[in-house]
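Asks: Build the full structure now, drawing on both the sequences and the hints.
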Amino acid sequence: MTQEQPVVFVIDDDGMVRDAVKDLLRSVGLSVESFESAQDFLQSKRSDAPGCIVLDVRLPGASGLEFQRTLVESGIPLPVIFISGHGDISMSVRAIKSGAIEFLTKPLHEQELLDAVQAGIERDRARRRQAKLVAELQERFNSLTSREQEVFALVVTGRPNKQIAHQLELSEMTVKVHRSQALRKMRAKSLVEVVRMADKLGVSTGKSEAI
Amino acid sequence: MKRASTDAEDCSRAAQELHGSERQWREVFEHNPVMYFMVDASGIVLSVNAFGASQLGYAASELVGQSVLNLVFEEDDKEFVRRKMSLCLETPGRSNSWEVRKRRKDGTMLWIRENARAMWWSRNQLIMLIACEDISERYWGALESAQLAALVSSSDDAIVSKTLDGTITSWNAGATNILGYQADEMIGQPITRIIPPELHQEEKQILVRLQRGERIQHYETIRLAKDGRRVDISLTVSPLFNQSGKVVGASKVARDITERKLAEQALRETTARLRTLTETAVDGVILIDARGVVLMFNPACEKLFGYSADTVIGENVKMLMPQPYRHEHDRYITNYRDTRDPKIIGSGREVIGLRKDGSTFPMDLSVGEARQDGESIFVGIIRDLTSRKRTEAELEQARAELVRVARVTTLGELTAAIAHEVNQPLTGLVSSGNACLRWLAGDVPNLKAARESVERMISAGSRAGEVIRRIRALVGKAPPLRDRLNINDAITEVIALIRGEVQRNRISLRTKLSTDVPLVLGDRIQLQQVILNLILNAMEAMSDVSPQLGELLVSSTKDGPNGALVSVQDSGTGLDGTALDQLFEAFYTTKAHGMGIGLAVSRTIIQAHGGRLWAAPNVPRGAIFQFTLPADCEEVSGMERKQSARAMA
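So the protein sequences, as listed, match chains A and B. Every letter in the first sequence is one number past the one before it in the working numbering, and letter 71, counting from 1, is 56. The working numbering runs 55 ahead of the 1-based position in the second sequence.
Be a bit skeptical, because a hint or two may be false.
Said to hold, decoys possible - A few chain A residues that face chain B, going by a derived Cβ cut-off under 7 Å, partial list only:
| # | residue |
| --- | --- |
| 1 | M1 |
| 2 | V6 |
| 3 | L9 |
| 4 | S12 |
| 5 | V13 |
| 6 | V17 |
| 7 | G70 |
| 8 | D100 |
| 9 | R114 |
I should point out that these hints are in silico values taken from the structure, not numbers from a laboratory. As the structure is a prediction and not an experimental result, all values here were calculated from the model. For each residue, glycine too, the CB sits at the ideal point set by N, CA and C.
Replies: Now the structure itself:
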């Protein structure tokens, strides 16, 4: 699997810090895009690549923590690494709880920053892989007929064909046909694999109707 | 014939004898030292003797044929004389006498006693013989003693005479006035009644001197009045001689000198008080004449200058002055005498004094002018300012220390912001350093990128240094300076220092710095302290309002022709009316934590710069703090001060 070139977004209102962090990240071969404010970042056209955000907590206009919330709300699931002039414990706890990768204090320890950035990129890559996978499964799932989807949802709960047929008021034979069709369309090789897929898709008996 | 001739001879001899006798009588008549007049019944002079005519200044021929009344001195007396003469004519053979004033030919007057008698000259002619005696001397004498008596009785001085054994023989009204006794109480009394017992001995000595014929003049002593008062008198005692030249008594003239004594006493007391005043005065008192010669030099002066009064009195006051005053003092005095332009007269001035040991000291000199015998004399009051100067310096030092403490306290509140300001460039420095190492560590080192990293490091390092410099300046103990400075630069620097703090408080900070603000003369650090204080106060005031409303505006404008006005406007909770007055008092604070010295110190600083700091409500909310600074014209006035100090006179 060829890896996509990751991008790190540095947001800091202090040009000197911004440039230095950008310089450091570029020196390890990362692509860096920098912004003076959260607003600038949100308005920018960003490349669709794995990455993470390095963010100064005390941004003018909006605080880093608020910005983190805004990102989630705007569907920008990029991991955030906070940097702060003065590490305040409660602030770092809140940041981590809201999903921040790391909360680093200035001046930045090189390895910590690089590790955190790397971890952020990896996390984003994983997320992106996961997201891609789910999207594929969803596509396969979407190709099932509604009867097949119904059967699939019940199969993953581990119910035998007879019970399914009874529940759907179908013949056991018909259930068998739907089941094999569904497994083929989902490209599942085993029942275990089917269950995992359903798990990723969030398919369950309770949720089957919703999907 | 012979007979006839003999008869004729006899007759002739008889006639001759008769003639001789008549001549003799005439001689007697003419030269008798009595004035004889022979006048007819109407008063026409028939004959007058030579003596009589000459006494009146006439020749006899001038008087014969004139009326004797023409010689009467007073017109009014003529009737009196006529009546007297009529009386004589009515009673021939009887003598009448009277006294009358006669006029001499030269107009002078004679007192004449006239003795007249009428007689029959022939059967039908009644004439009058008048013998006149000059009694002027007697009259004058009587007049003189009458005048003397009047003098004695009207004199304010006590005039008393006594016998040698001390019995009073006369006592005038003056004596009654001064001593209270009437004449009839005292005449015949011993003089010792009016002499205080302790002075009886003195009286005896006076008597001894009197008996030797001596006169005692203006002898000051004391006498007792009737009411017991002791009266100060000045006494002149003269011996009284009898006709044989023997001393028989004394006359005493005594003058009441109580008032003079009182005046003298008052003068003595005033002088003594004045002396006490000048001798115990803490301030130096010096008196000079119009030429600058020292007339008086009090003990305080002796202490101040180290010279004894003896050394200085009579010398020119210049000796107490260092150059250049010494050199110019004569000119000051001359100038004052000629122009009457009082450079220092009537007011005080700070000048420098020169001590005997050559050292100098600051002193406050006030000069007053007085006239003495038509000449100006000058009184100088000198106060040593050494200790006041020292106190002032100490006070100034304490004030500076308070200002510094206030500044450090303010900076304490800023620790987080300052840490941030230092951390930023450090972050840049460390990050760029790391980057640089990595650019160099590759198989093909990226020198261009490495160089750029180093350049970034240098600029970050400089920025860190700048932050440290600013903080050190604010915390340091630098003595207050006066530099010409651009207030906008000072504002910008302060804002740079607290930018982090402003952001952390989510406040929107704007500046509106006018470019035509003139340079001001001041201490940059102290002025920055004031600006910092006002901004921090503003931020504190806005900590309770919602973030969107936190607006801070720092602006500068030109104030008047050449001053600067700086204002810090916030949109915070504002000032409530009652606090406005107290705002600038020390230890007044509305903050939960804070000493309440920030504004007090700020106002002190601004006032020391010749400016004004005040507060007013902002519209629609918040407060506005403003201060003015005069342009560096203060330098000019400082120079003026120096010049005027030199121009003292």
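Asks: With reference to the structure, classify each hint as holding or not holding.
Replies: For each hint, the structure was consulted:
1. M1: Check passed: Cβ of M1(A) comes within 4 Å of chain B, closer than 7 Å.
2. V6: holds, 5 Å
3. L9: holds, 4 Å
4. S12: holds, 4 Å
5. V13: holds, 6 Å
6. V17: Because about 11 Å separates V17(A) from the closest Cβ in chain B, which is outside the 7 Å limit, the hint is violated.
7. G70: holds, 4 Å
8. D100: Cβ of D100(A) sits 13 Å from chain B, so the hint is violated.
9. R114: It is violated, given that the least Cβ distance between R114(A) and chain B is near 28 Å, above 7 Å.
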